[in-house]
Amino acid sequence: MNARIIDHPQFSLLVGVVFFMLMAMVPTGLELSGVSGGGIAQLDVLNKIGIYAVLALSLNIILGQTGLFNMGHAAFFAVGAYTTAILNTMYQWPVFSTMPAAGFLAALFAFLVVMPIIHLRGDYLLVVTIGIVEIVRIALMNNIFGITGGPNGIYGIARPALFGLVFSSVKLQYYLIWSFTGISLFLFYLLEHSRIGRAFNYIKHDDLAAAGCGINVARYKLMAFVLGAFWAGMAGTLYAANIRTIEPMSFNFYESVILFAIVILGGSGSNAGVILGAFLLVGLQDLFRGFDSARMLFFGAAMCAMMVFRPQGLLPPRRRRYNAWQLVGKFASAIRRSYPCDEDKRNDR
Amino acid sequence: MSLLSLKNLFKTFGGLVAVNGVSFEVDENAIMGLIGPNGAGKTTVFNAITGNYKPDSGEVIFDRKHITGMPTHEIVRLGIARTFQNIRLFKSMRLVENVLAGCHCRMKAGVFSSILRLPSQRKEEARAVERSMRELAFVGLDSQYNNLAGNLSYGNQRLLEIARALASDPRFLILDEPAGGMNDQETEDLMEIIHAIQGRGITILLIEHDMNLVMRICKHLVVLEYGAVIAEGTPEEIKKNPLVIEAYLGAEE
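Keeping their order, the protein sequence lines are chains E and B. All letters in the first sequence, in the order written, are residues 18 to 366 by our numbering. All letters in the second sequence, in the order written, are residues 10 to 262 by our numbering.
No lab work stands behind these hints: they were computed from the structure. Treat the numbers as computed from the prediction; the structure is a model and nothing was measured. Careful: at least some of the hints might be erroneous.
Derived SDA-like pairs: lysine to any residue, alpha-carbon spacing no greater than 25 Å straight-line [claimed, not checked]:
1. LYS347(E) x MET102(B)
2. LYS221(E) x ASP178(B)
3. LYS65(E) x LEU332(E)
4. LYS347(E) x GLU201(B)
5. LYS65(E) x PHE36(E)
6. LYS65(E) x LEU39(E)
7. LYS74(B) x LEU225(E)
8. LYS74(B) x ALA235(E)
9. LYS221(E) x TYR163(B)
10. LYS100(B) x LEU331(E)
11. LYS100(B) x HIS222(E)
12. LYS100(B) x GLN27(E)
13. LYS117(B) x SER201(E)
14. LYS16(B) x LEU87(B)
15. LYS100(B) x PRO26(E)
16. LYS100(B) x ALA289(E)
17. LYS100(B) x ALA135(B)
18. LYS228(B) x GLY30(B)
19. LYS228(B) x ASN250(B)
20. LYS132(B) x HIS25(E)
21. LYS100(B) x LEU207(E)
22. LYS132(B) x GLN343(E)
23. LYS74(B) x ARG180(B)
24. LYS228(B) x GLU37(B)
25. LYS221(E) x GLU134(B)
26. LYS132(B) x TYR206(E)
27. LYS221(E) x GLN166(B)
28. LYS132(B) x LEU344(E)
29. LYS221(E) x MET79(B)
30. LYS100(B) x TRP342(E)
31. LYS188(E) x GLY54(E)
32. LYS347(E) x LYS132(B)
33. LYS221(E) x GLU133(B)
34. LYS100(B) x LEU137(E)
Which bits of chain E does chain B cover? Going by a derived footprint, with three or more residues having C-beta under 8 Å, they are [unchecked claim]:
35. 215 to 228
36. 231 to 245
37. 327 to 338
38. 343 to 349
Cβ coordinates follow ideal geometry from the N, Cα and C atoms, glycine included.
Build out the structure end to end from the sequences listed, making use of the hints.
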């Protein structure tokens, strides 16, 4: 047994709790520190980071856990955001009640478009998903069904409200978005440590061996997409309510690339890495806003360097740990040894 | 009563006839060997049974059910498990996780019970870990359950694949060159394991090039050459069969 705290099975859970406790103190901290404007600008950036973090976490299920190259995640995000916008502005649904619908429609959309292409491998899947995100953007541009508002998009989305509390200020938005991020992270952590999470990982490592173990590979690949899309759809609700005006250009191919990069740079399959990736890619982008043209050059160079020197990402996933030492030596072996041999020697062979 | 029967199986790859009208039966709780020179089509026959390849024609019947062309995961659910010739473990995962992959098809927890960690899911998960530890102990690897599969020796990786296959609770186990890369002691251990698997009431079909092992462990052998069955019988009969001797050593001038 190992006594180091970092090896404890629930270590990542502990890190998560500490992180979100610190995040909860940020708005008060900003106010007390006396930055100009009471930290509104900083909170605004953090809100954006939070939304990207949820999106990247949902993409992580598809890309990081299951190893499916999905370059069209913004399409599911768009379906969710437009669902909320349309239901809220045209049918006066309260924002929060549109969230399940946004998730559900995004998941349904993913199910329908991904089912015929689920057998495609790696790069082929990547190309098709690029097609999907472009089709969605162009459909929104062209005011499909006459309800998406064309290139201008939809404006005047209401603020979310819960039991009479309207999330109108940047600070309240911050609490809302980061609570959602925290809950998502916790649920994804539980999923990761279940048979479903393992099945995703088996498929990522070797789908033939996974099928040979009795895993329905196509079903779990589709499940990863549907689950990821459901969460991206709900992130769409948060986004629509935060920005209040949505337009097709917010869901273009470039957004998908950023999300893809967050997952790969942060550490494919690692929730903590994805959060860090969101901070770096979205946060730094904002910090470097002043150097407009140079910042993409910087990002490109940083990405190249990362892929060469640390291809596994900044924070690669922690391997799951199992506590079964009390079962060691409890069960019978088929090997009846006629010579003395301890397990350590067996290892060295 | 035969548990598995192949009837007139054909499989071609382009112009190459890999399996050419193979028929044989495997009796319940037998240890049967499938042998033949390299490229005789043994692994292709295995892949046709396990659903990795769909045969061009012919039938695979398992426990009176037609399983020809069924997807692999359904065949595993029905009770046919396998190991691979070129070891296919999840190398960067722990031993216990590799074996848990075998348990997967006997578990029921869905997305909701997993994401909410319901009591039923936790109970099932604990049972699966216990089952995995039982199978790891069976092949003598339980003390290394938290080790990574890729760190094991070649011989132990083969044993881990067997443990993973056993975790799916099979009635029929297909071993593709289980002794490949093993030293003498490991091969002895393997023979004990195979006998113990039979003792659990599981039927075994194996491909193996180690003739010493095959002759000692199998009661019945099928010999393939150029995709067709050229001989079938007990090890003693096979050893004396002129066609088999010709296939392995070449004909006398």
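Structure-based check of all given hints:
1. LYS347(E) x MET102(B): holds, 23 Å
2. LYS221(E) x ASP178(B): holds, 24 Å
3. LYS65(E) x LEU332(E): Judged against 25 Å, a Cα distance of about 21 Å means the pair holds.
4. LYS347(E) x GLU201(B): holds, 19 Å
5. LYS65(E) x PHE36(E): holds, 18 Å
6. LYS65(E) x LEU39(E): holds, 18 Å
7. LYS74(B) x LEU225(E): OK: LYS74(B) and LEU225(E) at ~24 Å, within 25 Å.
8. LYS74(B) x ALA235(E): holds, 24 Å
9. LYS221(E) x TYR163(B): holds, 23 Å
10. LYS100(B) x LEU331(E): Holds, at roughly 22 Å.
11. LYS100(B) x HIS222(E): holds, 8 Å
12. LYS100(B) x GLN27(E): Roughly 23 Å between the alpha carbons, so the hint for LYS100(B) and GLN27(E) holds.
13. LYS117(B) x SER201(E): Given pair LYS117(B), SER201(E) holds - Cα atoms ~23 Å apart, limit 25 Å.
14. LYS16(B) x LEU87(B): Given that 25 Å is the threshold and the Cα spacing comes to 19 Å, the pair holds.
15. LYS100(B) x PRO26(E): holds, 20 Å
16. LYS100(B) x ALA289(E): holds, 23 Å
17. LYS100(B) x ALA135(B): Judged against 25 Å, a Cα distance of about 23 Å means the pair holds.
18. LYS228(B) x GLY30(B): Since the Cα atoms of LYS228(B) and GLY30(B) sit roughly 23 Å apart, the hinted pair holds (cutoff 25 Å).
19. LYS228(B) x ASN250(B): holds, 16 Å
20. LYS132(B) x HIS25(E): At roughly 21 Å apart (the allowed maximum being 25 Å), HIS25(E) and LYS132(B) satisfy the hint.
21. LYS100(B) x LEU207(E): The hint holds at about 23 Å.
22. LYS132(B) x GLN343(E): Holds: LYS132(B) and GLN343(E) sit about 17 Å apart, inside 25 Å.
23. LYS74(B) x ARG180(B): Given pair LYS74(B), ARG180(B) holds - Cα atoms ~14 Å apart, limit 25 Å.
24. LYS228(B) x GLU37(B): holds, 12 Å
25. LYS221(E) x GLU134(B): Within the cut-off at roughly 21 Å; holds.
26. LYS132(B) x TYR206(E): Measuring from Cα to Cα gives roughly 18 Å; hence the hint holds.
27. LYS221(E) x GLN166(B): At roughly 20 Å apart (the allowed maximum being 25 Å), GLN166(B) and LYS221(E) satisfy the hint.
28. LYS132(B) x LEU344(E): holds, 16 Å
29. LYS221(E) x MET79(B): Holds, at about 23 Å.
30. LYS100(B) x TRP342(E): holds, 21 Å
31. LYS188(E) x GLY54(E): holds, 12 Å
32. LYS347(E) x LYS132(B): holds, 19 Å
33. LYS221(E) x GLU133(B): OK: LYS221(E) and GLU133(B) at ~24 Å, within 25 Å.
34. LYS100(B) x LEU137(E): Holds: LYS100(B) and LEU137(E) sit about 24 Å apart, inside 25 Å.
35. 215 to 228: holds (count 10)
36. 231 to 245: Result for this restraint: holds, n = 6.
37. 327 to 338: Holds, because 3 residues of the region 327 to 338 of chain E bring their Cβ atoms closer than 8 Å to Cβ atoms of chain B.
38. 343 to 349: holds (count 6)
The structure fails none of the hints (numbered hints given earlier).
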